Each structure stands twice: as C-alpha cells, then as structure tokens.
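Peer 1: So you can see what is in the structure, the chains are spelled out below.
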Amino acid sequence: MLLTATDVTKTYFGKPALRGFSYELDRGKIIGLLGPNGSGKSTLLKAIAGLIPVDSGKILVDGQKVGVRTKNQVAYLPEIDPFYQSHRVIDVLNFYKSCFKDFDTQRAEALLEELALERNQVIRSFSKGMRVRLKLVLTLSRRAPLLLLDEPLSGIDPLSRDTIIKAIAREFDPANQSIILSTHEVFESEGLFDEVVLLEKGQIKWQGHMESLRESSSLKRLLEEVYL
Amino acid sequence: MVNLEFNPERPIYLQIIDEIKKRIVRGDLKPGEKLPSQRELAAIMSVNPNTVQRAYRELEDTKIAETLRGQGTFVSSTISIKELQKDLAERALGEFLTEMSELGLSHSEIKELLEKALEKGVE
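Top to bottom, those sequences are chains A and B.
Under my numbering, the first residue of the first sequence is numbered 335, with each subsequent residue one higher.
Under my numbering, the first residue of the second sequence is numbered 71, with each subsequent residue one higher.
Some hints here could point you the wrong way.
Which chain A residues face chain B? A few, computed with CB under 10 Å, are given here [to be verified]:
#	residue
1	Gly362
2	Phe521
3	Asp528
4	Met544
Hint data in this document are derived by calculation from the structure and do not stem from the laboratory.
In this text, all values refer to a predicted model and were calculated from it rather than measured experimentally.
From the three backbone atoms N, C-alpha and C, an ideal C-beta is built for every residue, glycine too.
Next up, chain A with everything else stripped away, as it sits in the complex (with noise of 0.2 Å):
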C-alpha cells in the first residue's frame, strides 16, 4: 500500500478536524477529495505530508510512519502561496532544486512550458491561476510517488483551470504514482478521478469509483446531493 491511513484523529483547540478516519490507497489512481468547507480535507493532506502532527492513529506512506524520511515520497501542494513576490520563476526553481534531491529541472522546465509560463516572469505580477500552475509545476517536478494536491482548481480563471486538468492528465504516472486532489470544483475534474471519496466532519461519509458510479446512473445524483 502506498498510504494506509488508521484510525487518524486530529483536533484544533478543542474543536476535531479528523475523526478516526480510515483509508487504503494502492499505486495507479487519481482520487477526488471531496466534502464541503470545515470537513477536514486540508488537515487530512497535511497529516499526511507530515507538516502537522495527529493526535491519535497511524499514518504510513509506503510502510513507513509519515516522518521526515516520507517526505521523499509526498509531493505536496499547498493550497496557500508559499512564494516570495520578489522572486522570479526561475528564482522559485532554483529555491525547490536546493530543497528537493529528486527536483528534476529538465521536467520543471518543460512543465514550465506546458503550463504556459516563463522563466524570467515575477512572481508578483502573477494571477490565482499562474500561481497554482507554478505550484503544479514545483509538485509535478519531484518523482514523487504520492502527489497531494490541496485544491489546485478553485477560485481561478477557466482557462488556467483547464490547463492544470490536461497537465495533471498527461503528467500522471499509474505504474508508479498515486494522486489526491481535494476540490469543490467537481463538475469539471470529474473525468480525471478513478475513486471519489467524500469527507464529512472529519470522517469519510461515502466513497466509490466514479465509473461503476456512471454505470449505475447514481452519479449525477450523488453529485448533486453533495453539491446543490
């Protein structure tokens, strides 16, 4: 397993965020994180990137307890813009490739271009959109096995949000990697998730793969209940 969640709780003065929450997860699939604001999404791919401590169960990443060795194998990306506005693309690179050993930076700049940026551009001249696509491009750019990406698709414009789903459809590497994609914005990357799973008050409410669900004529429904 390349994640094995047990029994995770995690509470923020007093009030619980993650609530003996569960899960497997195995190589070779997208998966959407759902569930409205407050469910505990973010807290969820913190946990597991190792940036905040549980209170109580396991976390294991490829057998090993999320720690700083794990860090190798979870390529995060936050929902929050950890760049300096001063910096350039190719600063924010350079700045990466000094803190990752797997950084590839022929990918990155070859991400660079798919996601239509430029190296000599400043940070603080960037859109919403621009700066989630250089956040992709940083995440994509580690060989990283398990690719957490904390709403990469909301409040941006259409055409940086197409942009990222055709990136992360072409880039994504099923022999070797797993992704998780926490969203709102599910009417449009609903074509890129093997499996949804929907949190609820910290714990998984529903969770199914979104094929059989097509076949069974139960997604609509179960998307519009969520989200409607």
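Position chain B against the provided structure of chain A, taking the given hints into account.
Peer 2: Quick look at chain B alone, frame taken from chain A:
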C-alpha cells in the same frame, strides 16, 4: 479530437469508444491510421489515463484497434466500417426507443411520428 461533453450516466471509457467508432464511420479516422497515444488522448479529453487505457484495451479486444509494440495503437486495417455503422445505429435506435416509450408512446404512435419526421426530412 476535441473536448467531449461527457454524459454523467455512462462510463467515460464507453463514451471514448463511441467517439472513436463515430470518427471511423465518418471517415475522420481511416483503417490503419494511428490513434493518439493514451497520454495524449487523456490530456486532450481531460480524463484519467487509466480510463483511456481501458477504452483502448476494449477497442483491441473487439478488433477495432490494434497495438503494435513500441509503435502505438492503430485503427485495425481489416475493420468493417459497415458493421461499425450498424452497431452505432442500433445503439442510437435503442436510446431513441427507450426515450419514446418513457414518454408513454405506443409502437404505432412511434412509427407514425417517425414516418412523418422522415417525410419532412432530417435536419
């Protein structure tokens, strides 16, 4: 291939198969012609590469396409376009009939409507 609007009530891999069959029947894709790579098609259609793989596998199993090692997937050179056309027509007909009976129309009423529509000419 351009973006498809997917029907949420039918598995996407089947919709990809339908689209490729349609293109073959219309002559947009010729027997022996190379199909886009799975990765390319996944990106073009904004879908999971696993879904495209499943569609291609099914096209191979039904002898509509063939994969040559290291070269890619091609429209089968021995394909019968007539047969493919019949397949697609039967599916469209099936959907049409289901919808008509859901509207509560009898067979003779459907026939009558269809004849009238055909007389008027297809748009």
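Peer 1: Please name the hints from earlier in the document that this structure breaks, with their numbers sorted from lowest to highest.
Peer 2: Of the numbered hints, all hold.
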